[in-house]
Structure formats: structure tokens, C-alpha cells
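Colleague: If you want the building blocks of each chain, they are given just below.
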Amino acid sequence: AQRVTQPEKLLSVFKGAPVELKCNYSYSGSPELFWYVQYSRQRLQLLLRHISRESIKGFTADLNKGETSFHLKKPFAQEEDSAMYYCALKETGNQFYFGTGTSLTVIP
Amino acid sequence: KAGVTQTPRYLIKTRGQQVTLSCSPISGHRSVSWYQQTPGQGLQFLFEYFSETQRNKGNFPGRFSGRQFSNSRSEMNVSTLELGDSALYLCASSLRGAGTGELFFGEGSRLTVL
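Read top to bottom, the protein sequences are chains A and B. Going by the numbering used here, the residue at position 25 of the first sequence is 25; the numbering climbs one at a time, nothing skipped. When you read off a place in the second sequence, starting at 1, and then add 1000, the result is the number in the numbering used here.
Worth flagging that the hints you see were computed from the coordinates, not collected in a lab. In this text, all values refer to a predicted model and were calculated from it rather than measured experimentally. Treat the hints loosely; a few may be bogus.
What the hints assert, rightly or not - When the alpha-carbon atoms are kept at most 30 Å apart in a straight line, the in silico DSBU-like pairs for lysine-lysine are as follows:
hint	chain 1	residue 1	chain 2	residue 2
1	A	22	B	1057
2	A	22	A	90
3	A	22	B	1013
4	A	22	A	9
5	A	90	A	57
6	A	65	B	1013
7	A	65	A	22
8	A	15	A	73
9	A	90	A	65
10	A	73	A	22
11	A	9	A	57
12	A	15	B	1057
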């Protein structure tokens, strides 16, 4: 069963507009959730993790256990935000389940 | 600090052959995980090694195997290659334990099976 769902394969927004990348998960325990990002010609890298409750590059993500969601948000998109974004769920040990990713394009 | 290094970066094989991919983790990282990345399926977990022992295994056939050496370097092997094994194979290293969880990825080994 798919543990992490990212319903949007492609998302385009204009520069300066708000952006929200959706992520829903399925997990019976206390989830550890992450957002990873892959910029063009770069390695996949961690953007943020829910446990830190941090804002990275203006992005935030709030864990909503009731809706089993971990949507990634940014109030004002920048061109450099164009990238592939993956939501990931960490199970016990070090096994991660990744969503299929959302390709974000910020239009100048 | 050197990042995760994967070799080879690209390789082409034919059906029925076998392939071995190598991964050198970041110094001090003892956990190495392998993922298969394809356009349709995204990243799928293959297995994780920690202290030379396989700790977790994903839902892949037995043709996919791996091992880890005492210096934490890891190899994965795919035997009897099939066309569907064409993919980018990513290795990730990490510090294992509660409160960590960040994976550091290599650039991947792109396998094409003809």
C-alpha cells in the first residue's frame, strides 16, 4: 500500500505567488516526515523535517495528524525554488517511503 | 567532508547479465541504504545495511542483493537482469538512530538494460 501520496506530478506558479505542495501519508504510529528536494543537476537533499518545525528557504510544513497530511508551503515563490520535491516517511530503523514527487516550476 | 560516492555512474548491460554497484558513504556514517528510482515509481527502498548487517529490505525479488564491508562501503548486486531493472540506483548514507533521519544521497548509478 502506498504510504506517501503526492497527488500533483507537475505544479506551476508565478514568481511571488504562494505555493503549496501536497503530501498525504498512511501510517499507524507516530510518523517522522520529511521533504527532500532535487534541484537541476544536483543531488537529492533534505529540505526540512517535521520534527524540527523549522523554516528552510522560506518553506514550512505542518504535520496534520487528523488529515494525515504534511503539505509544504511557501508564501512567495522564487525562481530558484523550481525543482523536484519529494515527501518522505521514515519508518522504524532507517527505511524511508518516498512519494512519487512533484515537479515545481516557478514562472518568472 | 567528501559526499557519498557511487560507481560506476553509467552502465549498459544486456538481459540476463549481472551487475554490481558500489557506494562509499560519508566518513562516519555506518548506515547505507539503496533506492531504485524510475520515472513512474519514484524512489523505492531496496535495502539498508548497518554494521555489515542488512537491517531492512524492501519489496524486491531475490535477484537484488547487497552487502556492506567493515569500512561501511556497500555494494549492491542485481543478477539475471531484466529490461525493467533499467533505473537510477541511488545510495544514501546516514547516522542511524532516533532524532537523526537525514539521508545523504549520492549522484546515482544509471543502469540501462538492453
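Colleague: Given the hint that residue 22 (chain A) pairs with residue 9 (chain A), does the C-alpha gap stay at or below 30 Å?
Modeller: holds, 10 Å
Colleague: Is the straight-line distance between the alpha-carbon of residue 15 (chain A) and that of residue 1057 (chain B) 30 Å or less?
Modeller: violated, 42 Å
Colleague: Regarding the pair residue 15 (chain A) and residue 73 (chain A), is the alpha-carbon distance no greater than 30 Å?
Modeller: Answer holds: residue 15 (chain A) to residue 73 (chain A) is near 14 Å, not above 30 Å.
Colleague: Within a Cα-Cα threshold of 30 Å, do residue 22 (chain A) and residue 90 (chain A) meet the stated pairing?
Modeller: holds, 17 Å
Colleague: Is residue 22 (chain A) within 30 Å of residue 1013 (chain B), Cα to Cα?
Modeller: violated, 38 Å
Colleague: Just to be careful, I want the Cα atoms of residue 9 (chain A) and residue 57 (chain A) compared with a cutoff of 30 Å; is the pair within it?
Modeller: Holds, at roughly 22 Å.
Colleague: Given the proposed pairing of residue 65 (chain A) with residue 22 (chain A), does the C-alpha separation stay at or below 30 Å?
Modeller: holds, 14 Å
Colleague: Residue 90 (chain A) and residue 65 (chain A) were given as a pair; does the straight-line alpha-carbon distance stay at or below 30 Å?
Modeller: With Cα atoms ~15 Å apart, residue 90 (chain A) and residue 65 (chain A) stay inside 30 Å; holds.
Colleague: So if I understand the rule, the pair passes when the alpha-carbon distance is 30 Å or less; does residue 90 (chain A) with residue 57 (chain A) pass?
Modeller: holds, 23 Å
Colleague: Below or equal to 30 Å on CA atoms is what counts here, so check residue 65 (chain A) against residue 1013 (chain B).
Modeller: violated, 45 Å
Colleague: Would the hint linking residue 22 (chain A) and residue 1057 (chain B) be met if the CA-CA limit is 30 Å?
Modeller: OK: residue 22 (chain A) and residue 1057 (chain B) at ~28 Å, within 30 Å.
Colleague: Residue 73 (chain A) and residue 22 (chain A): Cα distance at most 30 Å?
Modeller: holds, 9 Å
Checked against the numbered hints given earlier, the structure breaks hints 3, 6, 12 and satisfies all the rest.
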